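Undergrad: Going line by line, the protein sequences match chains L and A.
So the mapping is simple: our numbering equals the position in the first sequence, first residue as 1, plus 1301.
So the mapping is simple: our numbering equals the position in the second sequence, first residue as 1, plus 485.
No lab work stands behind these hints, which were simulated from the structure alone.
Among these hints, one or two may not hold up.
[As the list claims (entries may be wrong)] Computed list of lysine to aspartate or glutamate pairs in EDC-like fashion (alpha-carbon distance at most 20 Å, straight line):
{"hint": "1", "chain 1": "L", "residue 1": "Lys1562", "chain 2": "L", "residue 2": "Asp1519"}
{"hint": "2", "chain 1": "L", "residue 1": "Lys1381", "chain 2": "A", "residue 2": "Glu502"}
{"hint": "3", "chain 1": "L", "residue 1": "Lys1378", "chain 2": "A", "residue 2": "Glu583"}
{"hint": "4", "chain 1": "L", "residue 1": "Lys1381", "chain 2": "A", "residue 2": "Glu583"}
{"hint": "5", "chain 1": "L", "residue 1": "Lys1378", "chain 2": "A", "residue 2": "Asp504"}
{"hint": "6", "chain 1": "L", "residue 1": "Lys1628", "chain 2": "L", "residue 2": "Asp1668"}
{"hint": "7", "chain 1": "L", "residue 1": "Lys1398", "chain 2": "A", "residue 2": "Glu583"}
{"hint": "8", "chain 1": "A", "residue 1": "Lys580", "chain 2": "A", "residue 2": "Glu520"}
{"hint": "9", "chain 1": "L", "residue 1": "Lys1378", "chain 2": "L", "residue 2": "Asp1652"}
[As the list claims (entries may be wrong)] Some residues of chain A that are not near chain L, with every Cβ distance over 12 Å (derived):
{"hint": "10", "residue": "Arg488"}
{"hint": "11", "residue": "Phe490"}
{"hint": "12", "residue": "Trp514"}
{"hint": "13", "residue": "Ser519"}
{"hint": "14", "residue": "Asp526"}
{"hint": "15", "residue": "Leu549"}
{"hint": "16", "residue": "Glu556"}
{"hint": "17", "residue": "Glu560"}
Predicted, not measured: the structure shown is a model, and the values here were computed from it.
From the three backbone atoms N, C-alpha and C, an ideal C-beta is built for every residue, glycine too.
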Amino acid sequence: MYHYNDFDQDFVQERVSQFRAQVERRIDGSLTEDEFRPLRLMNGLYLQLHAYMLRVAIPYGTVRPDQMRMLATLAEKWDKGYGHFTTRQNIQYNWPKLADVPDMLDALASVGMHAIQTSGNTIRNVTADHFAGAAADEIADPRPVAELLRQWSMDHPQFQFLPRKFKIAITGSPNDRAVTKAHDIGLRMVEKNGEPGYEVVVGGGLGRTPMVGKVIRDFLPQADLLPYVEAVVSVWNILGRRDNKYKARIKITVHEHGIDKIRELVEEEFAQIRPQFTGVDQALLANIQSQFTTPTFRTAPVEGYLAERDANPAFRSWSDTNLSDHKAPGYAIVSVSLKRHGATPGDASADQMRVLADLAETYGHGDLRISHEQNVILPHVHKSDLPAIYAALRDADLHTANIGLISDIIACPGMDYCALATARAIPVAQEIATRFDELKLEHEIGALKIKISGCINACGHHHVGHIGILGLDRAGVENYQITLGGDGTETAVIGQRAGPGFAYDQIVPAIERLITAYLELRTDEEETFLEAYKRLGVAPFKTALYPEEKANAA
Amino acid sequence: MARPFTPKVITANALLEGDAIWLTADDQWTRVMSEAELIEDEAHGDLRMLFAASQAHVVVGPYLADAKAGENGPEPVHFRENFRTTGPSNYAHGKQVEL
Chain L
1302 MYHYNDFDQD FVQERVSQFR AQVERRIDGS LTEDEFRPLR LMNGLYLQLH AYMLRVAIPY
1362 GTVRPDQMRM LATLAEKWDK GYGHFTTRQN IQYNWPKLAD VPDMLDALAS VGMHAIQTSG
1422 NTIRNVTADH FAGAAADEIA DPRPVAELLR QWSMDHPQFQ FLPRKFKIAI TGSPNDRAVT
1482 KAHDIGLRMV EKNGEPGYEV VVGGGLGRTP MVGKVIRDFL PQADLLPYVE AVVSVWNILG
1542 RRDNKYKARI KITVHEHGID KIRELVEEEF AQIRPQFTGV DQALLANIQS QFTTPTFRTA
1602 PVEGYLAERD ANPAFRSWSD TNLSDHKAPG YAIVSVSLKR HGATPGDASA DQMRVLADLA
1662 ETYGHGDLRI SHEQNVILPH VHKSDLPAIY AALRDADLHT ANIGLISDII ACPGMDYCAL
1722 ATARAIPVAQ EIATRFDELK LEHEIGALKI KISGCINACG HHHVGHIGIL GLDRAGVENY
1782 QITLGGDGTE TAVIGQRAGP GFAYDQIVPA IERLITAYLE LRTDEEETFL EAYKRLGVAP
1842 FKTALYPEEK ANAA
Chain A
486 MARPFTPKVI TANALLEGDA IWLTADDQWT RVMSEAELIE DEAHGDLRML FAASQAHVVV
546 GPYLADAKAG ENGPEPVHFR ENFRTTGPSN YAHGKQVEL
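With the hints as constraints, model all of the structure from the sequences given.
TA: Right under this line is the structure:
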């Protein structure tokens, strides 16, 4: 895992001192809000609907136990006792006081964390597969490259005032758990003739104009990555639509100019700047890679785990749902659900964060991850330790067995917190989860991703939800549109809008009708909702959603 | 013909705490919307916004929000403003427990 060197530490500490002085000047009136706003945004501080919100980066979702404990301390000391993990592997604090924020940033800096570039028209937190370095299906650990990109993009003088924000995601597995095709640049580690490299995808994104990214290079040698990414961002920095923020993202640039033209321009730029990269970046990458060593995995019997599975149905259910295949024999990847039925997706209390830190330290080789699906991962756990981990999670109310199921919902903060939102998202997620828990259908339904956004900006990734829900304001009333068939994986697809929206009190019954129809229509228990949708098309699901239209037509 | 003026209140976020606040008739900022001044005249609203804009040392982003007269004072018209009077609805930890 990467540890700050002296340069990193000095840089972050200096930024905190700088921001402390800026906050003081805002409070004493020397800075107006217009002057202060860009400065606070450069340090991840927003002013939302009810309070300030501080967004802290968790680069590539990787967090150490001491860092997790510090996140807990921030929640307890300067917030209301909890933090909110987001779809871009950040943590947000919803209630800080302005004068406290420099102290919060100081505390973060003491454990090698910061909030720089978590806002603004810059290159944002670089995200990665949350199973990186652990997954059985992985080609290579993408995190060293993500760290290289983080260091390159941090305070990059050319990229501080981009046309809009810019998001990069990277995966080292063919099974894409990082939604790379919905990012401005998506990087997929691949091998060609035994040589490591990348498939480079550009122009993906959700928001008001959702698009799946296009392949700009099907194979980029590893050593060319940084100059190539720099070429992509440079070309967009010039071409990007600064006249209209809604058309400024690179997806629009790619759409307007065409991928072939963008590829041509990027290759020209790349040819020019490639000689400037004389190998220092590769030396730096090698240094970073040396810090991402594979833990020393142990060999131990797993009979205790198997016996507990036989003896304890709740444990069996949890391990069936919340474990994933690890590359090391006898090991598992544990996904800890932050989606207890009826809870706010992504929220963790300070106590829960400390429990997770303790578990990572005791059983998990000191490694924790935050997933873009708003859960926490213990990536390296020996199966013999799973009964003890489950017991500890149960004591902390973190043992919900619902990973990948209907209640494992991504929900953006929505109008409960966000100043941009046009409707609520969290309570809809809470009510869907509660309803299907009451119906006891969750495990029968099987794999299903519901994603909910409280506005058109799509922070809840609704476009790539198997069932997407978009909350809007229709004549002063919350209204929810449903999209169907979205997919955020390597086979990414934007979901199709099903029809007119539903009132707040009608959205959960609508989802229930949809699921009931799926259960009746599927060929067998193996056919997932998405597979059934692909086989049958939208028609039978529309009939379930809008039964009155069918009746009127009859 | 000019559109009829719908009643309004002036609201903003507090500079230090960031929470929702409203302007009272005696030039104070209150955490309780029902204590706000209900503005029923457009010209008066313009004047009050000038005052609010002069308060940049204590508030951020003042604006006029639609409101209606209630039994105990102004009440929100739109659901967004309603949430600002109570705090988030996912669980009780905003103004609903603070005030």
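Undergrad: Run every hint past the structure and note whether it holds.
TA: Checked hints:
no., hint, in the structure
1, L:Lys1562 - L:Asp1519, "16 Å, holds"
2, L:Lys1381 - A:Glu502, "13 Å, holds"
3, L:Lys1378 - A:Glu583, "17 Å, holds"
4, L:Lys1381 - A:Glu583, "12 Å, holds"
5, L:Lys1378 - A:Asp504, "18 Å, holds"
6, L:Lys1628 - L:Asp1668, "15 Å, holds"
7, L:Lys1398 - A:Glu583, "15 Å, holds"
8, A:Lys580 - A:Glu520, "14 Å, holds"
9, L:Lys1378 - L:Asp1652, "12 Å, holds"
10, Arg488, "17 Å, holds"
11, Phe490, "18 Å, holds"
12, Trp514, "15 Å, holds"
13, Ser519, "18 Å, holds"
14, Asp526, "23 Å, holds"
15, Leu549, "16 Å, holds"
16, Glu556, "22 Å, holds"
17, Glu560, "14 Å, holds"
Hint violations for this structure: none, all hints satisfied.
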